[in-house]
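Number of protein chains: 2
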Amino acid sequence: MSSTDPHRIFNFGAGPAVLPEPVLEQARQDLMALPGVGMSVLEVSHRSAVFEGILEQAEADLRALVGLADDHHVLFLQGGASQQFSMVPMNLLGADRVADYVLTGAWAKKAAVEAAKFGQVHIAATTEAEAFARVPAVDELRLHPDSVYLHVTSNNTIVGTQWPMLPDVTGRPLVVDASSDLLSRPIEAVRCGLVYAGAQKNLGPAGLTLVIIRKDLAAQGSEDLPATLRYAVAAEHGSRYNTPPVFAIYLFGLVMRWLIDTGGLSAIETRNRRKAKRLYEVIDGSGFYRGTAQPESRSMMNVTFRLPTEELEQRFSTESAAAGLSGLTGHRLVGGHRASIYNAFPEAGVTALVDFMSEFERTHG
Amino acid sequence: MSSTDPHRIFNFGAGPAVLPEPVLEQARQDLMALPGVGMSVLEVSHRSAVFEGILEQAEADLRALVGLADDHHVLFLQGGASQQFSMVPMNLLGADRVADYVLTGAWAKKAAVEAAKFGQVHIAATTEAEAFARVPAVDELRLHPDSVYLHVTSNNTIVGTQWPMLPDVTGRPLVVDASSDLLSRPIEAVRCGLVYAGAQKNLGPAGLTLVIIRKDLAAQGSEDLPATLRYAVAAEHGSRYNTPPVFAIYLFGLVMRWLIDTGGLSAIETRNRRKAKRLYEVIDGSGFYRGTAQPESRSMMNVTFRLPTEELEQRFSTESAAAGLSGLTGHRLVGGHRASIYNAFPEAGVTALVDFMSEFERTHG
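Protein chains in written order, with this note's numbering: chain L, 1 to 365; chain F, 1 to 365.
Worth flagging that the hints you see were computed from the coordinates, not collected in a lab.
Note that identical chains are pooled: a pair holds if it fits in a single copy or bridges any two copies.
For lysine to any residue, the following SDA-like pairs were computed, each having C-alpha atoms within a straight-line distance of at most 25 Å:
#1 K109 to G238
#2 K110 to H237
#3 K109 to R240
#4 K110 to I158
#5 K117 to R97
#6 K215 to A232
#7 K277 to V354
#8 K117 to D96
Model, not experiment: these values are computed from the prediction.
Please take these sequences and the hints and turn them into a complete structure.
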């Protein structure tokens, strides 16, 4: 009940989440001292040539993976997506401006709450009445005529929904919280004004926030804002206005290298689709398991499902954990179960879960 | 020209800085999988029992080291001291309030600039006219009668000065940027309303910010503030309102354990004084080297000095680096040289520098 290292179990956690083993192995090898540097990457100056090289390579690899043009900045920040909930409106909104938000889950709601502290929020669509079991269709969006951006959450970790493709809106920038699916498939960044993501699902460890932002938008934040919360300051200083999370950026760079070495975003999408499909097939082929997200909105990253009774769910949690399948209990807001199968989650782990689910249904169904 | 690991050099960098080798070694051993957990600490959920244990132990060890009572919160945040420059006034100041700032260097000035965005700043003292070569004497402070706090920078990394002891002011809380000397000596936290520090000098890796704050002050921030920038929110959620920098907190915990195992804060102060004294003795005993900080304000953490000519300084930088003594070039604002000798910097490295300086003076003096 393990992956290649005999001491590792299968981690279905929603985030912080599993990292690629080659990335961990490289970090382990480098930990006491980077080759030729004589100190750990945990100790190197953020102004040193060695870190400059790490950061520039990481950005170049990300740009190559995404196909990102020079009209967007790549920023390495801190504070998580939750801090972006505030930074976005602090920089782009204002008391006399309005922004569109689409409510597709608890995180989207939090983003809207923070935005309302800095300007007017218009709800362009919400599926809350349906317990967020789906994302809206694009023709359900009712945009405010004067909104300065449209904010969406591309993947909803808690309920297990995902936009099949990002809405194509004209006339205003699209702002995307892509915390739980960025780089899990190709992304049309050119269509996005701003994409942000906490690193701890698909990009690296907790403590790093990635922002991809159109240069004209980055320039908008007022000089009255705190320096650490202005996109323009981070852009001007190459993400080193002050000390960045050096080790997290180094790991992010290793993850980019791993993505390139394993075929890039189309290849990872293929693997992610295959992994998710196997789990949804088990769910759909059974009268025992029941998916909680509407099929057309199902997430490739977080597969959510219920069992016939809460008693059986408790047993499922206990027995799966004992079998080395960790983190399968659902979020407290929706109950049931959630299998988070981000980029680095191994196919062998999906096989193990499929086998476990079949056996559990056979003995308890 | 190395410490115990043959591939490691002596790192005099000002921060991110050297970490204790036992801490790095433990992190290396745990990197692929924490014993008994089956996943790396880079992958564990911030809501998991294992991380809860890590965080609680780290806080308990810090409290034991400092002798911190229950009237202060310990918060694990992100964004570095630079973000605290803003969070402090966002939470404690306001357009109709005034705060005292003491200017003792570039970082203190930045703190005052950020505070002025959120309220009135009164300069209680400044040594800028003396190129910040000393900190003010306590009787030089001219506090504003209505100020709601007094902000000081306990150690000034760039110029190499340090308050011999924190000023004892009554009637208003003391707010201390202790980024570069926290836990290098005992601290009277009970006298402080708020102490903050980026971790990357004495506490751990870059990407973690430690805040020790009196509970009544933490409660002051308005609910209109961004959630991630309110001390009350972090306190209420045990530093897990959103995902914290898990790995950095784990490393911080290992550093606390190392401090306890090596005798606590009095013992580390003794070692730090001994290390600094050896370097200042070389400087004072020579007509060749010249200390840039006034003797009564000299830092135990950052020893700054000049050579007779800039040409000799260039040679010193080149030859010391070639000899495995890294990071001895001074900050661009003051020039010359700086030896940062934080808690984890080994005494063997001081010996190596003393020997190098003596030899350099002999051949070039």
